[in-house]
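Residue strings, one per chain:
Protein chains: 2
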Amino acid sequence: MAQAHIKSGEVVNVGPLGNQLAASTTTALLKAEQLEVIRLVLHAGKTLREHRAPGEITVLCIEGSVEFSTPASTTVLNKDDFLHLDAQVPHALKAVTDSSLLVTICLPAK
Amino acid sequence: MAQAHIKSGEVVNVGPLGNQLAASTTTALLKAEQLEVIRLVLHAGKTLREHRAPGEITVLCIEGSVEFSTPASTTVLNKDDFLHLDAQVPHALKAVTDSSLLVTICLPAK
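These protein sequence lines are chains A and B, in that order.
Residue numbering for the first sequence follows full-length UniProt numbering, beginning at 1 and increasing consecutively.
Residue numbering for the second sequence follows full-length UniProt numbering, beginning at 1 and increasing consecutively.
Don't take every hint at face value.
Covered by chain B, according to a simulated footprint, are these stretches of chain A (three or more residues, beta-carbon under 8 Å) [as the list claims (entries may be wrong)]:
{"no.": "1", "stretch": "18-29"}
{"no.": "2", "stretch": "32-43"}
{"no.": "3", "stretch": "69-80"}
{"no.": "4", "stretch": "84-90"}
{"no.": "5", "stretch": "98-108"}
Worth flagging that the hints you see were computed from the coordinates, not collected in a lab.
Just so you know, even glycine gets a beta-carbon here, dropped at the ideal spot from N, CA and C.
Isolated chain A (complex conformation):
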């Protein structure tokens, strides 16, 4: 069953899923006016093909190891690694091991 989005002020634990990671899937934590936050689960070998976000994003690796590619470079994100990406920058992901990432997307002003 889909988890309800968290409300303003509501606390959710986003720590490593650990031994539940293999059986977990991506979850939308919140979608508000300005921000959307997703816990992205990507199992070993799986990819997210190149795409662009409408606004700036940040990515925090909660657990695992993921190749993060832009036209400029490919870098590996490990636990606690964090990056910011300008709006509309193409990027693709490939999980090296089972991984989860906290992805924050800034939505364009309406």
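Go by the hints and put chain B onto chain A.
Frame of chain A, contents of chain B only:
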């Protein structure tokens, strides 16, 4: 010396500071067009008095334990606890133990 802001696509580790936490201070990780990200360090007993952010924010507790108060409630954030707050909601913080938090602020459209 102040740490330079990270550039789009640049990776920074935001894991627990551990035994460096006591000697650490708050750091601005990035200030872009839409997003500002801060690693807020609050030592035990220290407070951030009530204030409002111009846009939505998210707060992730990296380590430690912090009382997070809004007019609606006071909650304690521990490691890996995450919350979102609507724009302009008054909030105050008090560190129970030495703590660091990843604070993401969505800036108002220019």
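Taking the hints in turn, this is what the structure says about them:
Residues of the stretch 18-29 of chain A with a Cβ under 8 Å from some Cβ of chain B number 1, which does not satisfy the need for three, so the listed coverage is violated. Closer than 8 Å: that is the beta-carbon criterion, and the stretch 32-43 of chain A has 5 residues meeting it against chain B, so the requirement of 3 holds. Using a Cβ-Cβ cut-off of 8 Å, 7 residues of the stretch 69-80 of chain A lie near chain B, which meets the minimum of three, so the contact claim holds. Against chain B, the stretch 84-90 of chain A contributes 5 residues with a C-beta closer than 8 Å to a partner C-beta. That satisfies the three-residue criterion, and the hint holds.
Remark: the stretch 98-108 of chain A is confirmed as covered by chain B, as 3 of its residues place a Cβ nearer than 8 Å to a Cβ of that chain, reaching the required three.
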